[in-house]
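Novice: Here is how the chains run, residue by residue.
Protein chains: 4
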Amino acid sequence: MIKKLKMGMVGGGVGAFIGDVHRKAAAIDGLIELTAGAFSSSAEKSKRSGEELGLDPSRVYGSYEEMILAEKALPEGERIDFVSIVTPNHMHFGPSKLALEHGFPVVCDKPVTFSTAEAYELKAVIERSGLLFALTHNYTGYPMVKQARAMVKNGELGKIRKVVAQYHQGWLATKLEDSEQKQASWRTDPARSGKAGAFGDIGTHAENLLEYITDLKITALCADLTAFVPGRRLDDDGHVLLRLEHGAKGAMSISQIAVGEENNLKIQVYGEKAGLEWAQMHPNSLTVRHLDGHMQNYRTGVGALHPESAAHTRIPAGHPEGYLEAFANIYRNFAKCLLAQKNNQEVDPIYTDFPTVDDGIRGMEFIDAVVDSSAKQGWVKL
Amino acid sequence: MIKKLKMGMVGGGVGAFIGDVHRKAAAIDGLIELTAGAFSSSAEKSKRSGEELGLDPSRVYGSYEEMILAEKALPEGERIDFVSIVTPNHMHFGPSKLALEHGFPVVCDKPVTFSTAEAYELKAVIERSGLLFALTHNYTGYPMVKQARAMVKNGELGKIRKVVAQYHQGWLATKLEDSEQKQASWRTDPARSGKAGAFGDIGTHAENLLEYITDLKITALCADLTAFVPGRRLDDDGHVLLRLEHGAKGAMSISQIAVGEENNLKIQVYGEKAGLEWAQMHPNSLTVRHLDGHMQNYRTGVGALHPESAAHTRIPAGHPEGYLEAFANIYRNFAKCLLAQKNNQEVDPIYTDFPTVDDGIRGMEFIDAVVDSSAKQGWVKL
Amino acid sequence: MIKKLKMGMVGGGVGAFIGDVHRKAAAIDGLIELTAGAFSSSAEKSKRSGEELGLDPSRVYGSYEEMILAEKALPEGERIDFVSIVTPNHMHFGPSKLALEHGFPVVCDKPVTFSTAEAYELKAVIERSGLLFALTHNYTGYPMVKQARAMVKNGELGKIRKVVAQYHQGWLATKLEDSEQKQASWRTDPARSGKAGAFGDIGTHAENLLEYITDLKITALCADLTAFVPGRRLDDDGHVLLRLEHGAKGAMSISQIAVGEENNLKIQVYGEKAGLEWAQMHPNSLTVRHLDGHMQNYRTGVGALHPESAAHTRIPAGHPEGYLEAFANIYRNFAKCLLAQKNNQEVDPIYTDFPTVDDGIRGMEFIDAVVDSSAKQGWVKL
Amino acid sequence: MIKKLKMGMVGGGVGAFIGDVHRKAAAIDGLIELTAGAFSSSAEKSKRSGEELGLDPSRVYGSYEEMILAEKALPEGERIDFVSIVTPNHMHFGPSKLALEHGFPVVCDKPVTFSTAEAYELKAVIERSGLLFALTHNYTGYPMVKQARAMVKNGELGKIRKVVAQYHQGWLATKLEDSEQKQASWRTDPARSGKAGAFGDIGTHAENLLEYITDLKITALCADLTAFVPGRRLDDDGHVLLRLEHGAKGAMSISQIAVGEENNLKIQVYGEKAGLEWAQMHPNSLTVRHLDGHMQNYRTGVGALHPESAAHTRIPAGHPEGYLEAFANIYRNFAKCLLAQKNNQEVDPIYTDFPTVDDGIRGMEFIDAVVDSSAKQGWVKL
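Protein chains in written order, with my numbering: chain A, 1 to 382; chain B, 383 to 764; chain C, 765 to 1146; chain D, 1147 to 1528.
If we strip away everything but chain A, and leave its shape as in the complex, we get (with noise of 0.2 angstroms):
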């Protein structure tokens, strides 16, 4: 039987952000080890990266293309269980689309791709191969989120009348692109980030929390975006009013200009019979206050919890879980998936729970909304 699987990476060369989080929350659940990679679009620093990362050099490629075919023709058993694709937004596609058509799974940073129409096609694409593909939402990770969206599953909010979320960082707040600043410069610039800036980056993060926590789909929007930063040429801040199904209605307020904020996710959700409060910097609590005045904070691991929730901690309570853990979270369940089907076993319909291209679709159509509706100033439908 099958007990760990081997990864091979796209991007994530030695230094990126994203790529050593992917890596350090792949290894932490130990059913995942990092066996091959392509970790830059240039050789000579993928080899650089493949060695301080103490991989077999034979491992190491110069492209993903090369990668791909390469562990493609390895025995099975010795080459790659699934890709996992860092790279920036407009190299998303590419990899994905190359790595399901060779027969191997995919996780993916988000935004799923560049662009609307290309996130469609690997929808083809995905359906086609038959394979699992996996988006890194990972805040939806967390386990008060999974307490949070299971209590609205289970009708404990009642009907939803109202959400609002907020996502403020402020390490935009400067023209930072100008500096050698690698995720400030392709995060900024449109031929790597697509339409959006921060509605892309972060935006995408709100709107999968609150789409997830509440079951309901944001039905229409009208948004105010801005580029605060003389010079700078997407979105790094904005405003977004929400109408959602079953008549919910909400907003939003997003940005990379919040002087002094770090990565202040947060979210309200009311309902007719009780609301509930969630902050992603102190993620083990979630605050629940009911119609008749008992508020009650429920902490990751304590007490009668969901099971969607109990099943997404690792320590006991107290023992604070953090960004990394609720990533592995994304890790293990895509990971217990395709274990299960490796071996020929089922798996616990609770290990399920990951973004999926779907989320990723959400994600594309929600930018192309936001930005269209900031263009003409008024009300848009989704």
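These are calculated hints, taken from the structure and not from any lab test.
Where hints are given, some of them may not hold.
Claimed, not checked - Keeping only pairs whose Cα atoms sit at most 16 angstroms apart, straight-line, the calculated EDC-like set for lysine to aspartate or glutamate is:
id	chain 1	residue 1	chain 2	residue 2
1	A	K4	D	E1198
2	D	K1482	A	E52
3	C	K770	B	E415
4	A	K175	B	D674
5	C	K1100	B	E434
6	D	K1321	C	D1056
7	D	K1363	D	E1511
8	B	K385	C	E816
9	C	K917	C	D1117
10	B	K763	B	D750
11	B	K718	C	E797
12	A	K336	D	E1511
13	A	K381	A	E245
14	C	K767	B	E434
15	C	K770	C	E808
16	A	K3	D	E1511
Given the coordinates of chain A, assemble chains B, C and D onto it according to the supplied hints.
Specialist: Below, chains B, C and D alone, put in the same frame as chain A:
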């Protein structure tokens, strides 16, 4: 030298929420004593309230007209020094006008009047009278709000880019107006409350706080108002996109159906150099984050604060001051100004800081704009 | 029927901290008016204070003896109804005794007297007089402290096992008594403060709070007191091990040299079934954690609270009440009891809850015990 | 150049709490791979655990002796590089000694041994071996704890006067050891845990944290330990008065019967110039208050931190790091030192910061002292 002022109250029969708040706030600093009152439109109820409050029965009146005329007829030194108006919105204009025209300065609850037209007319009355008029937008009375405003004014945040305000309550999440609850009854009644519900009651507080701290006026907005509770005639919830002077942007979420929320007024302001955050339910802290990562927590009465803040604290740090003390700051400043006039003295300019009819007019224009914008589902100018 | 009480104050000349607190606290509920005063041992200063406070000069006295005798000579209805004593510790006993012996009920600041012997004697005086005597251990006036006590009493925590109290301030971290600061001067002076410094001033508050919530008496303790600031003659810091009735245990940390701490009084109580936590600087929350992991956040005025708590709230939930309102609860309850006596009415037992001379005696015995224990570096019984 | 280390584990069969923590912590940074194990004293259970963990069956052993001898016999490069010991306390000394004597560096869970005598003996073994030995006092691995220590060292708090530590858990509030719970069973058993219960398990963490941050040794203490749960043989709660070097004083509250508490380790340190506060359950914040009232909130990875802190952060600010990441800092530093030795390189001194046998000895002496002091109800010297 006069050391204490005599107050005559209009409205606020025993049991009313806001009348009691005004009485307590006026009493705290020992500068004002409640001397007369027309506490109800029912003479009988007014009498009972006066008795309960320990007033001389000869100073308890059956109507505000009666009070103003009778007090006017008393010798100076015996008659009341000013009138406090704590009736529902539709009953602000009449008593204010009559009082001013008979030489009585006025403290009036907000919103200033029932309609914008009345607000403009009242301003003319005030100007003709040359008398003091204070509006109890009490949330700007908190020492940490004064600190926030002073910091912005002093350039410590740099040019302001973004403001997010939230004012969530949950007490109208059900159809409370069908019960005996008096507050709920008039606040949801267009004939007594005006054209807005939640936005008239609490939205104007958020607007006032936002303009007070930033010293920027809202120039345009796009609102989406809702009456979530079936059968309710005025908005009980809404979201607004904001544009402010000098290119700043913002958003606002207002609700009285946010189940479980008590009185959750919050504001975040981001400039080019720093950002700040304040929450009414923890009013003695002000968080400021700087571009270089320095995060400072200012506390009521602690360390080097701007004099505008320090002057509005009564007791040593760590002995929490709350809602009544912030409210009392309006009464105290109003009283200091009025006493100075009576005693022919100069007043320290720091005590001239209280909301006036101009704040009231801004509030009415804001109500007009959000209602208008929501009706036509698009942006409107203020 | 009498609706308002006339108060005569001993001490509290303008500028004094605690006198001003007493005046504001007494004023809030409109049941008490300051009518007379002997504000200073200097007749001149007393006069100036009376003027500043807007009192009738004929009611401002040069000494407490003068006030008590002169007021006694006034006709009933005109004379003061009770005396409020806000002098330094060594001046509590004299005025209390004289007032009581002339028929005036007393509200006195804590600690009740300079020495334990005086406290016992005062108790005898009170009993002989048959008059009301309230001691302003104000921290038990908070609604959430009342809730905590009611929950313990009601068995919701089960048998109490452990109590941890902390009262940290930082204002005496330097030798402030060498400056002009009046507070610092008498509080660090054994001739005016008594045998303990920090433990007399704030340690007794922690002791009182602890015994009030748990309804358990301290039976033995082991203390280690320190005067950290060179040249200081009384303790400015200390830690204590505690044993309580019925096998409960505890500890206490008291400090006035905890740099940067404002007025940080906190308590944690653990029973067999639940634990609770309260902090004076965020007084409107009470956290309760149950054996099954349920964690509930009680809030002032929200939901189903014990009547003892609900009766001590003035304004709706979320409009924060603070130090002055908690302090005012003592004055209000004292006033309700005194008014009931004067009007020959029954008082609702819920309003009879205010600290008395017995709390004062406990405090003095506690001071004796900690000083004794620290001197001999071992356990002592109370 | 060697980039990865092979780890052999003693104890930590699947299902054990701390073994799993060690494995995850060791995996995060990609420097260590679990290669061998003697996971249980039952060969059968060890085998099953190895299988579950995906290990090569030939590297799964029935006892630690077997593992150490067999691995020693393997060629270098193939054999394990170090041993990780995660057994109950009474099984720390044996495997540590054997491993060291066969040339394997050791990472060991705390407390270092069952008795103080063993600890001294182990120190001698380590010194003879010349090998690395790390003790997983993991709470000093947090970036904000490193910042706290660096600030104290740098004189930013001035001379330290007072330290208060608290470590409250509630999981042993009932007689859990009567159930199947393995943890509860051995931790409350003097034959496996040693002479202390809560003080051995978590009291030593508090002591270690306190001495680590202040760089001051405890010189004397007075303890009062209790076993609250009827029938329990070791302390489950206690309070301690502390004296430290250079005249500092302190106190400690330790509990495993504090109902509802998760893993609430907190510390407050006050110097002559500033005070600091840190809480393990919100590990990414460090509050520092200065004499002039300036209150600063340091955050993991934000702004100008001491290099000792910055070097122990993995991901950008606001992406919360938790317990596993702090734990991983010990493994990472240990691995960096070991890799440097193997590769004949210098290691950056910043990575040499991990707890050693000396921390272990301090812990054992502390246990001896608290048990002794509590038994004789008086002060004892350390």
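Novice: Which constraints among the numbered hints does this structure fail? Numbers only, ascending.
Specialist: 11, 12, 15 and 16
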